[in-house]
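2 protein chains.
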Amino acid sequence: MSKKIIDHFRKFIEVEPKDEDGILDFFQMKTFAKKENLIDSNTRCKFHFFVISGCLRLFFINNKGIEQTIQFAIEDWWLTDYFAFENQTATEFTIQAVEKTEVMMISFQNQERLLLQYPKLERYFRLIYQRTYSASQLRTKYLFDFSREEFYHHFNDNFPKFAQRIPQHLLASYLNMTPEYLSEIKSKKRS
Amino acid sequence: MSKKIIDHFRKFIEVEPKDEDGILDFFQMKTFAKKENLIDSNTRCKFHFFVISGCLRLFFINNKGIEQTIQFAIEDWWLTDYFAFENQTATEFTIQAVEKTEVMMISFQNQERLLLQYPKLERYFRLIYQRTYSASQLRTKYLFDFSREEFYHHFNDNFPKFAQRIPQHLLASYLNMTPEYLSEIKSKKRS
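Just so you know, the sequences run in chain order L and B. Residues in the first sequence are numbered from 12 upward in steps of one, following this note's numbering. Residues in the second sequence are numbered from 12 upward in steps of one, following this note's numbering.
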């Protein structure tokens, strides 16, 4: 079982070596092939995923029948549909592997049990959610404030390696533009 | 000092009566007049606000020079610019009282101290952030998926009292439409 998640906990809190195995027991490790779905839309959202290696995306089918990607998760990031996970209901989203991806996954019940048994981890998840939420709050601002071209440049300036790593049609989907429009922006000299 | 915030903690965690005063010592209570700013843009985001009574909004000035509201907070809701709060940097947002509003406010340093002294509250904030983040994730979906008219109906169906309580030009700002367009939608028979 990968201890990479324990390393990540230790960036935020102390974890005693004697607790490592007990904590890891609550998780399952699994590898998904490129384009394999971790969670299908209209099914119960059972798991919270931590990416060990690879990349995930969360998308939904919009009212034009097109896949709209709203989030990516790479190494050391968490992902799920949080509303459906917390309420253990069906999700409107699909979570899919963008490339071959290895995850640590934990069910809702196990996450609750883990936190009751190791309450120190409440702080870890509080800090993770705080950061994730703060990023989401800024992203909402960008959605209102940026043109799609500005959004691309912002993304590319802040995450240059990531912008190159992901398939360009998925980046276009995340930026709410067609792949053709993305190519056009990239080939244009920046004004 | 209002114990309403302690009541809210108790919806999620146990708080022993002997700890109440010690917890409340970390907070300041303050009342803001209608349209008064709690935090101005381009100033350091010092506080996290819990609404005792009234209503707050968070907005920024968009590239057309118009106030774009992206969040409201009513009784029992928390609000700040989380990125600027966590990093103790200047915010790009303004937080303003929509009506006369009484808040409990806590500085970043005090929130950290509070959580170190009463680690049980980590669970409370973890659950609060988890819910806030899950709402934000769904809102991102709506921003992509709903027409502005659908967004209004969704908001009105889910928060009917709130949709009536806030000034209509602010509701229009939140829904990213002009007040005139909002009136038009409201006067139209729903298709």
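Check before you lean on any hint, since a few could be wrong.
Chain copies aren't distinguished; within one or between two, either way the pair holds.
As the list claims (entries may be wrong) - Taking lysine-lysine pairs in the DSBU-like style, the calculated list, with each CA pair at most 35 Å apart, reads:
#: 1; residue 1: K14; residue 2: K75
#: 2; residue 1: K22; residue 2: K57
#: 3; residue 1: K14; residue 2: K199
#: 4; residue 1: K41; residue 2: K199
#: 5; residue 1: K172; residue 2: K57
#: 6; residue 1: K29; residue 2: K152
#: 7; residue 1: K197; residue 2: K46
#: 8; residue 1: K22; residue 2: K45
#: 9; residue 1: K15; residue 2: K75
#: 10; residue 1: K29; residue 2: K199
Hints are computed from structural coordinates only; laboratory data are not their basis.
These are the hints, each one checked on the structure:
For a Cα distance limit of 35 Å, the shortest separation of K14 from K75 qualifies neither inside one copy, at 42 Å, nor across copies, at 49 Å. Both within a single protomer and between protomers do K22 and K57 lie at most 35 Å apart by alpha-carbon distance, with minima of 26 Å and 24 Å respectively. In the homo-oligomer, the alpha carbons of K14 and K199 never lie at most 35 Å apart, since the shortest distance is 44 Å inside one protomer and 58 Å across protomers. Taking identical chains as interchangeable, the C-alpha atoms of K41 and K199 are never at most 35 Å apart, the minima being 41 Å within one chain and 52 Å between chains.
When the C-alpha separation of K172 and K57 is checked against a cutoff of 35 Å, the pair qualifies both within a copy, at 31 Å, and between copies, at 33 Å. In this assembly of identical chains, the alpha carbons of K29 and K152 never lie at most 35 Å apart, being 44 Å within a copy and 42 Å across copies at closest. Only within a single protomer do K197 and K46 lie at most 35 Å apart by alpha-carbon distance; the minimum there is 25 Å, versus 43 Å between protomers. Proximity of K22 to K45 under the C-alpha cut-off of 35 Å is restricted to the intra-copy arrangement: shortest distance 29 Å within a copy versus 42 Å between copies.
Taking CA atoms no more than 35 Å apart as the test, K15 paired with K75 passes in neither setting, with 40 Å inside one copy and 46 Å between copies. With identical chains, the CA atoms of K29 and K199 are never at most 35 Å apart, being 56 Å at best within one copy and 65 Å at best between copies.
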